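**Q** Single-letter residue listing:
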Amino acid sequence: MRILISLLQKEFLQIFRNKTLLPLIFVLPLVQLIVLVNAATMDMKNIRITVVDMNLSSTSRLLVSKLEASPFFEVGDMLINKQMGIDYLQDNKTDILLYMPQEMEQTLTKEGVVKVQIIADAIDASKAQLAFGYLTNIIQETHMQVMLEQQKLQNVKRISTNSSFWFNPDLNYKYYMLPGVLVILVTLIGLFLSALNLVREKEIGTAEQINVTPIKKYQFILGKLIPFLIIGLFELTLGLLAGKLIYGLPFSGSLLVLYSFASIYLIAVLGLGLLISTLSQTQQQVMMVSFFFMLIFILLSGAFTAVENMPELAQKLNVFNPVYYFMNAIRMILIKGAVFAELASEFRSISIYACISVTLAVLSYRKTN
Amino acid sequence: MENEQVIIVRDLVKKFGDFTANAGLNFHVDKGEIFGFLGANGAGKTTAMRILCGLSSPTSGLVEVAGYNVKTHAEEVKKRIGYMSQKFSLFEDLTIWENMRFFSTVYGMNKTAFKERGEMLLRKLELFEKRNRLVSTLSLGWKQKLAFTVAILHEPSIVFLDEPTGGVDPITRRQFWEMIYEAADNGITVFVTTHYMDEAEYCNRVTIMVDGRIDALDTPAKLKEKYQVNSMNDVFLALAR
Amino acid sequence: MNRFLAFVKKEFLHIFRDVRTMMILFIMPIAQILIFGFAITTEIKNASIAILDKSKDEVTRELTQKLLASDYYTVSDYLSSEAEIESSFTKGRNKMVVVYEPQFAQNYEKNGVAKVQLLCDASDPNTARILSQYATGIFASYGEMAQSNGIQAEVRMYYNENLDGFYMSIPGIMAMILMLVSAMMTSISITREKELGSMEVLLISPLKPIQIIFGKVTPYILMAIVNILSILALSYWVFNVPVKGSMALLLFECILFTVLALSLGILISTVAKNQMVAMFMSLFALMLPVILLSGFIFPIDNMPLVLQWLSNIIPPKWFIIIVKTIMLKGGGLAHVWKETLILVAFIVVFVGLSVKKFNVRLQD
Numbered sequence: 007m008r009i010l011i012s013l014l015q016k017e018f019l020q021i022f023r024n025k026t027l028l029p030l031i032f033v034l035p036l037v038q039l040i041v042l043v044n045a046a047t048m049d050m051k052n053i054r055i056t057v058v059d060m061n062l063s064s065t066s067r068l069l070v071s072k073l074e075a076s077p078f079f080e081v082g083d084m085l086i087n088k089q090m091g092i093d094y095l096q097d098n099k100t101d102i103l104l105y106m107p108q109e110m111e112q113t114l115t116k117e118g119v120v121k122v123q124i125i126a127d128a129i130d131a132s133k134a135q136l137a138f139g140y141l142t143n144i145i146q147e148t149h150m151q152v153m154l155e156q157q158k159l160q161n162v163k164r165i166s167t168n169s170s171f172w173f174n175p176d177l178n179y180k181y182y183m184l185p186g187v188l189v190i191l192v193t194l195i196g197l198f199l200s201a202l203n204l205v206r207e208k209e210i211g212t213a214e215q216i217n218v219t220p221i222k223k224y225q226f227i228l229g230k231l232i233p234f235l236i237i238g239l240f241e242l243t244l245g246l247l248a249g250k251l252i253y254g255l256p257f258s259g260s261l262l263v264l265y266s267f268a269s270i271y272l273i274a275v276l277g278l279g280l281l282i283s284t285l286s287q288t289q290q291q292v293m294m295v296s297f298f299f300m301l302i303f304i305l306l307s308g309a310f311t312a313v314e315n316m317p318e319l320a321q322k323l324n325v326f327n328p329v330y331y332f333m334n335a336i337r338m339i340l341i342k343g344a345v346f347a348e349l350a351s352e353f354r355s356i357s358i359y360a361c362i363s364v365t366l367a368v369l370s371y372r373k374t375n
Numbered sequence: 005m006e007n008e009q010v011i012i013v014r015d016l017v018k019k020f021g022d023f024t025a026n027a028g029l030n031f032h033v034d035k036g037e038i039f040g041f042l043g044a045n046g047a048g049k050t051t052a053m054r055i056l057c058g059l060s061s062p063t064s065g066l067v068e069v070a071g072y073n074v075k076t077h078a079e080e081v082k083k084r085i086g087y088m089s090q091k092f093s094l095f096e097d098l099t100i101w102e103n104m105r106f107f108s109t110v111y112g113m114n115k116t117a118f119k120e121r122g123e124m125l126l127r128k129l130e131l132f133e134k135r136n137r138l139v140s141t142l143s144l145g146w147k148q149k150l151a152f153t154v155a156i157l158h159e160p161s162i163v164f165l166d167e168p169t170g171g172v173d174p175i176t177r178r179q180f181w182e183m184i185y186e187a188a189d190n191g192i193t194v195f196v197t198t199h200y201m202d203e204a205e206y207c208n209r210v211t212i213m214v215d216g217r218i219d220a221l222d223t224p225a226k227l228k229e230k231y232q233v234n235s236m237n238d239v240f241l242a243l244a245r
Numbered sequence: 012m013n014r015f016l017a018f019v020k021k022e023f024l025h026i027f028r029d030v031r032t033m034m035i036l037f038i039m040p041i042a043q044i045l046i047f048g049f050a051i052t053t054e055i056k057n058a059s060i061a062i063l064d065k066s067k068d069e070v071t072r073e074l075t076q077k078l079l080a081s082d083y084y085t086v087s088d089y090l091s092s093e094a095e096i097e098s099s100f101t102k103g104r105n106k107m108v109v110v111y112e113p114q115f116a117q118n119y120e121k122n123g124v125a126k127v128q129l130l131c132d133a134s135d136p137n138t139a140r141i142l143s144q145y146a147t148g149i150f151a152s153y154g155e156m157a158q159s160n161g162i163q164a165e166v167r168m169y170y171n172e173n174l175d176g177f178y179m180s181i182p183g184i185m186a187m188i189l190m191l192v193s194a195m196m197t198s199i200s201i202t203r204e205k206e207l208g209s210m211e212v213l214l215i216s217p218l219k220p221i222q223i224i225f226g227k228v229t230p231y232i233l234m235a236i237v238n239i240l241s242i243l244a245l246s247y248w249v250f251n252v253p254v255k256g257s258m259a260l261l262l263f264e265c266i267l268f269t270v271l272a273l274s275l276g277i278l279i280s281t282v283a284k285n286q287m288v289a290m291f292m293s294l295f296a297l298m299l300p301v302i303l304l305s306g307f308i309f310p311i312d313n314m315p316l317v318l319q320w321l322s323n324i325i326p327p328k329w330f331i332i333i334v335k336t337i338m339l340k341g342g343g344l345a346h347v348w349k350e351t352l353i354l355v356a357f358i359v360v361f362v363g364l365s366v367k368k369f370n371v372r373l374q375d
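Read top to bottom, the protein sequences are chains F, L and B. The first sequence begins at 7 in our numbering and counts up by one. The second sequence begins at 5 in our numbering and counts up by one. The third sequence begins at 12 in our numbering and counts up by one.
These are computed hints drawn from the structure, not numbers from a lab. Note that the structure is a prediction, hence the values are computed from the model and not measured. All C-beta atoms, glycine included, are put in the ideal place defined by N, C-alpha and C. Warning: the hint list may mix true and false statements.
Residues on chain F that point at chain B, a partial pick, calculated with CB under 7 Å [stated by the list, open to error]:
id : residue
1  : 351
2  : 355
3  : 358
When the alpha-carbon atoms are kept at most 30 Å apart in a straight line, the in silico DSSO-like pairs for lysine-lysine are as follows [stated by the list, open to error]:
id : chain 1 : residue 1 : chain 2 : residue 2
4  : B       : 126       : B       : 77
5  : F       : 208       : L       : 230
6  : B       : 102       : F       : 373
7  : L       : 147       : B       : 205
8  : B       : 77        : F       : 163
9  : F       : 222       : L       : 75
10 : F       : 163       : B       : 102
11 : B       : 67        : F       : 51
12 : L       : 226       : F       : 223
13 : F       : 222       : L       : 91
14 : L       : 75        : F       : 208
15 : L       : 147       : L       : 83
16 : F       : 373       : L       : 228
17 : B       : 67        : F       : 72
18 : F       : 373       : L       : 226
19 : F       : 208       : F       : 72
20 : B       : 102       : B       : 56
21 : L       : 128       : L       : 75
22 : L       : 228       : F       : 222
23 : F       : 208       : L       : 147
24 : L       : 226       : F       : 222
25 : F       : 208       : L       : 228
26 : L       : 230       : F       : 222
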């Protein structure tokens, strides 16, 4: 026990003496967290639309005024030439093009049906789809209004839909993104700090000095693990406080459950980092290997895009992805107020993960080559 | 000199793939001896020393240090030895005192014993007043002397020094050897590798390694007599030829 | 020149001797493109929902069938009372609960209006919004309004007719890989030499500083080209996304961007004291801002104004626009000259700052 305390004391002295590293691990991530959560929204507003109105009738004007009133669209130049519109698309000056043919109103009154053309830049497929959806709705509404004015509409049967959003009634995407980005930051810092720290000692030779002492392997690994566990939890606390104070992040669930999960999670991640570094010789190797795994872990974890939409194989791969478990758990706890029992399977998985990664790290650490 | 053998090496072989670093070494070291381990760069000195310290395990052969087999009881051996590596390896971002305190706990010294002995050793080095300085601010010579002090802090029965005087000035080397003598007088066996042949003269006995083998083992005086030369340098040249 | 070539050779040996690093440098782009291609999608597929049908008549059954036919939803639970809704979100992890009112069919036929409630788990607001929108659309198209008169929209999806989500990711992946491989690797490898002291050896050698820097970055440029080609090959053969515009122009732009990333890497290495600091700087300066602000997962147009301005100083944003235009829209230099100039300006700034820092250090 004394040995462990003295190892911890040594690590903390070293960390707090490193004046360039401190802002990099405490200030920068926090700034990123506060700034970047604003970036991550799929909330489509301001879709740039260009209208080619060859009809110039009251119907077409009604449609345009409805577009202008819509929060989703930003109506740009009005053109009278379809080719020009397509050039706009090519030059990235607009996202979607609405083409209304010359005889639109006349055909509609005469035949009751008319076609307008929508040309979307579909490189961003989901954006194109959403834009198309909004636009069709607006066209329908316009048509209804025209028919109402002409009193052509008799009692229509309809299904009225009413959506309500649980846990986050205002659809505040920051509640969703903030825990996500926070998990990423805490993970990156924990993993890289622990992994680089150990391999750095190998590189500069102090690890050898330790290896020739009677220190036990588990003591050494714990001495490397605990400081970064504490730093990780501290970082998490900072992030949660910032989220609460700046963005009103809800804490619906129990903080005890959250911190218990976070601790086990960090042990799993730090164990992984230490495992990588016991198997590496240089800092460069550690960085490349950790980076490779982290990028995959983060992208698959559902931080930015929902896991449910991923193909079966990717979802299965997530069994090996610690970030996935924590990503789920932190959102469930904070936003949905999930209790321990509802997270039992996550708790089980991450505990197994932690046991395996720390055991492997201890086993693969060689005092004798 | 007592005849208690604190290091026994029999038929030690170490291979790295096809490369044989140590080809059947045989020697022993007596308690309280200053044992010099000489050889050119790459002759296999460091490899052998790392095996004796339990940092590396032998391919075959028997190695007993401080009464324990290093292959099976490396951790028991480690409790009883001190080690100073070729590359300075104390923590540069800790102070002198923090480094000493850390290693004293690691070797299980109790607090009061450490304070007493630590202060005594540092006073001798005239570093006690500077004990709160970061190690990184010390010059190489001071660093080496400090590393030696840390290596004998816990009063090991054997201390292993791997090229301890590499790159330091002659005066510091001199002081360093005085420290080694003092440690030996206090009953610590000293096992030292070096490629400075003049330093070999300070040892009780020396071995000279060439290409992974021990080519000579005796007191400096007897070796000089055997090869009929005036200095250890010439002994070495005669062997290496 | 010979001296320079010898130096470049040494750099190559450094990189290639470390098999693990090299494997990762080459495998990373492939793994990433596969992940992005298959896994990172904002399209909703098979979201699990629960149904609370208080009416259980043929209309509600038909509506549920329509929901299922859309591929957006799979029904994982049928609830019997409102009390089960909450646990269906937390324990059952459904994304949406559809509640049909009692006497649904009667209300629909007699009163002309029947009510359905969509309860969404909005802890993921993006998914919640899309799920409710799709469902609303499906319910609205039921019955008489779906007739074939009125104004009909005929849609053409340009550049990506199958609405393949992968199109959006390619430029982003290219930007990310080039940025990370080039900027992170150079910053770390130069800092490493500084730390080990071998930089001083190089500086007192007859090599000019500029040659040293070029020697350091040449292998990474070649590696970046290999990475670009493997990304393009995969996107062509695995995902059927061809290069519509000029291949030569695209390669030129990629190399330009690689040079930009390398100059950023050099800049970081002039500031960082050791590898750990260099890595944290690259990591935080590059990874999250590149993912989040370059517009390849989250559209820049939706961000708050401040972030839209901020995104202008994220070089990948411009590169992504260039790649999109050339590769996916078939545009030429006439369409991307402005963005190209911006990339050049970044390079000038980064190189200028590095030279300044470098000289300052030498004078110390």
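**Q** Does residue 358 (chain F) hold up as a contact with chain B if the rule is Cβ-Cβ below 7 Å?
**A** violated (20 Å)
**Q** Hey, residue 208 (chain F) versus residue 147 (chain L), does the alpha-carbon distance stay inside 30 Å?
**A** The given pair, whose Cα atoms are some 19 Å apart, holds under the 30 Å limit.
**Q** Regarding the pair residue 373 (chain F) and residue 228 (chain L), is the alpha-carbon distance no greater than 30 Å?
**A** Not satisfied, since the Cα-Cα distance of roughly 40 Å exceeds 30 Å.
**Q** Holds or violated: are the alpha carbons of residue 230 (chain L) and residue 222 (chain F) at most 30 Å from each other?
**A** Given that 30 Å is the threshold and the Cα spacing comes to 47 Å, the pair is violated.
**Q** Quickly compare the C-alpha distance for residue 373 (chain F) and residue 226 (chain L) to 30 Å and report which way the hint goes.
**A** violated (39 Å)
**Q** So if I understand the rule, the pair passes when the alpha-carbon distance is 30 Å or less; does residue 67 (chain B) with residue 51 (chain F) pass?
**A** violated (38 Å)
**Q** Holds or violated: residue 102 (chain B) with residue 373 (chain F), Cα cutoff 30 Å?
**A** Given that 30 Å is the threshold and the Cα spacing comes to 46 Å, the pair is violated.
**Q** Is the hinted pair residue 208 (chain F) and residue 72 (chain F) satisfied, with a Cα-Cα distance of at most 30 Å?
**A** violated (67 Å)
**Q** Is residue 128 (chain L) within 30 Å of residue 75 (chain L), Cα to Cα?
**A** violated (37 Å)
**Q** Measure nothing beyond the straight line between the CA atoms of residue 102 (chain B) and residue 56 (chain B); if it is 30 Å or shorter, mark the hint as holding.
**A** Between residue 102 (chain B) and residue 56 (chain B) the Cα gap is close to 21 Å, so the pair holds against 30 Å.
**Q** With the threshold set at 30 Å, check whether the alpha-carbon distance from residue 208 (chain F) to residue 230 (chain L) stays at or below it.
**A** Violated. Residue 208 (chain F) to residue 230 (chain L) sits at ~43 Å, over the 30 Å cutoff.
**Q** Tell me if the straight-line CA distance from residue 147 (chain L) to residue 83 (chain L) falls inside 30 Å.
**A** holds (23 Å)
In summary, the structure is inconsistent with hints 1, 2, 3, 5, 6, 10, 11, 12, 16, 17, 18, 19, 21, 22, 24, 25, 26 from the numbered list given earlier, while agreeing with the others.
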